[in-house]
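Visitor: First to last, the protein sequences are chains A and B.
Start counting at 1 in the first sequence, then tack on 33, and there's your number in our numbering.
Start counting at 1 in the second sequence, then tack on 33, and there's your number in our numbering.
Keep in mind the hints are simulated off the structure, nothing from the lab.
Hints may contain errors.
Simulated pairs of lysine-lysine, DSS-like, Cα-Cα distance not exceeding 25 Å [to be verified]:
hint, chain 1, residue 1, chain 2, residue 2
1, B, K233, B, K143
2, B, K144, B, K37
3, B, K163, A, K233
4, A, K163, B, K233
Number of protein chains: 2
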Amino acid sequence: MNQKGSLIILSGFSGAGKGTVVKKLVKDYGYLISVSATTRKPREGEVDGVSYFFKTVDEFEHLIEEDGFIEYAQYVGNYYGTPKKYVEDQLEAGKNVILEIEVQGALNVKKQYPDALMIFITAPSVEELKARLEGRGTESQEVIEERMKRASEEVEEMTQYEYIVVNDIVEQCAADINSIVIAKHCELNQKLDFIEETRKGFANI
Amino acid sequence: MNQKGSLIILSGFSGAGKGTVVKKLVKDYGYLISVSATTRKPREGEVDGVSYFFKTVDEFEHLIEEDGFIEYAQYVGNYYGTPKKYVEDQLEAGKNVILEIEVQGALNVKKQYPDALMIFITAPSVEELKARLEGRGTESQEVIEERMKRASEEVEEMTQYEYIVVNDIVEQCAADINSIVIAKHCELNQKLDFIEETRKGFANI
Chain A
34 MNQKGSLIIL
44 SGFSGAGKGT
54 VVKKLVKDYG
64 YLISVSATTR
74 KPREGEVDGV
84 SYFFKTVDEF
94 EHLIEEDGFI
104 EYAQYVGNYY
114 GTPKKYVEDQ
124 LEAGKNVILE
134 IEVQGALNVK
144 KQYPDALMIF
154 ITAPSVEELK
164 ARLEGRGTES
174 QEVIEERMKR
184 ASEEVEEMTQ
194 YEYIVVNDIV
204 EQCAADINSI
214 VIAKHCELNQ
224 KLDFIEETRK
234 GFANI
Chain B
34 MNQKGSLIIL
44 SGFSGAGKGT
54 VVKKLVKDYG
64 YLISVSATTR
74 KPREGEVDGV
84 SYFFKTVDEF
94 EHLIEEDGFI
104 EYAQYVGNYY
114 GTPKKYVEDQ
124 LEAGKNVILE
134 IEVQGALNVK
144 KQYPDALMIF
154 ITAPSVEELK
164 ARLEGRGTES
174 QEVIEERMKR
184 ASEEVEEMTQ
194 YEYIVVNDIV
204 EQCAADINSI
214 VIAKHCELNQ
224 KLDFIEETRK
234 GFANI
C-alpha cells in the first residue's frame, strides 16, 4: 500500500520544549519540517530550500495570486508563507510533514486539510513550564513574565486542538505524536479504498 | 496523572490472526482480555476467574437483574456474558481491556462506553485470508468455504468500526493497536481535566 503522509499542525506553549520534540521526530521518525518561503534576504549560512525558499517580492506575490500558499503573512516588511506545492509533494511521497504555527494559522490550515492533525504540546504543569523558561538562563525576567502571560492566554486556545500531548520526557512525547499519526492512518475514512478492494476481492474469489 | 485504561472492542475476519495479535498485546503491552462469565460447567483445567467466571443460573440471572453485564447471550442452553464490574475495575486501575466480540455486540458496548475503541482486524488481502485459513490445515474445505462466506458478509460490517488494522506482520499489527490506544489518551476530550488544572495553575502563579 502506498500510503500518503500526514500533515501535523504543531503548536504549544513557549517553554514546552516544542523545538526539541520536533528535532526528535525528524531524527528518529523521519518526519519533515515544512520549509517556509520568504522575501527577506538570506543570512550568512542560510541555504535556499533548507532554511527557507528565498523569493523576490514579485515571485512571492505571483505565488499568492496562483493560490500557491497554505498560509502566508507579512512581518516587518517581508513576506513569509508555507508553499502548498512543497507540502503536498512531500505528503504524496508518504512523508509526514510538520507545520509549526499558532492557533489562527492552525485553524486555517485545518479548513484546507481536514485530515491534518492539530496537536498542542504542553509541559506537565505550569510550575514546570515556568521552571523551564527560567532554566534556559537566556531570557530576562521581563521576557519570562511576558511568555507566561502569553501562555496563560494560550490555555484558552488549547480546546481548539484535537490532541494535547504532555512533554514530560521528550522521547515519550515524540513517540506519542508518532502514535497519533499511526492511529490516523488506521482510521476508517483512510481505509475506504482498502475496504472497496477487499469487497472486490471477495466477489472475485 | 492517574490515567484510566481503554476499552478495546476487537473484531475481525476469521483467519485474520486476531488470536495471535491479542496474545501479543497481552504479553508485550500488558493488556488484559476480558474474562467472561458463564453458567456452563468448568472443563478440565479451566480455572475460575481466569478461563471464565463460573456462575450458577441463579447467580447469573441475579446479575442480569442488577444490570451487571455489559452484554450477555444464551448459547446452547448456557448463559455467557461480560461482567461489568470486572471490566470497570480493570479500566479504573489503568489497564487496557480487550473485548473480542462480533459487530452487534460491539455496537451495543460502544453505546454504553462511548470512549471504547472499535477496531477491526483484517488480513492484507482476500487471497492472503484464504491462504491463512487453508494453511491452518485443521479445517475441511467445507469449513473454509463457510468462513470465507461469513467473511464476505463481514466486509459490509467493517464500516461500522472506527479503525481498520491490517495484520500483515503480527508485531506491527499489535504496535498499531497500541498506537491507537495511546492516541486516544491524547485526545482533547481525555485532557479536559488537565486543561482545567493548567488554567488554575496560571491563575495561581
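Visitor: Against each hint, give a clear statement of whether it holds in the structure.
Guide: Hint check:
| no. | hint | result |
| --- | --- | --- |
| 1 | B:K233 x B:K143 | violated (33 Å) |
| 2 | B:K144 x B:K37 | holds (19 Å) |
| 3 | B:K163 x A:K233 | holds (14 Å) |
| 4 | A:K163 x B:K233 | holds (14 Å) |
In terms of the numbered hints stated before, the structure departs from hint 1 and from no other.
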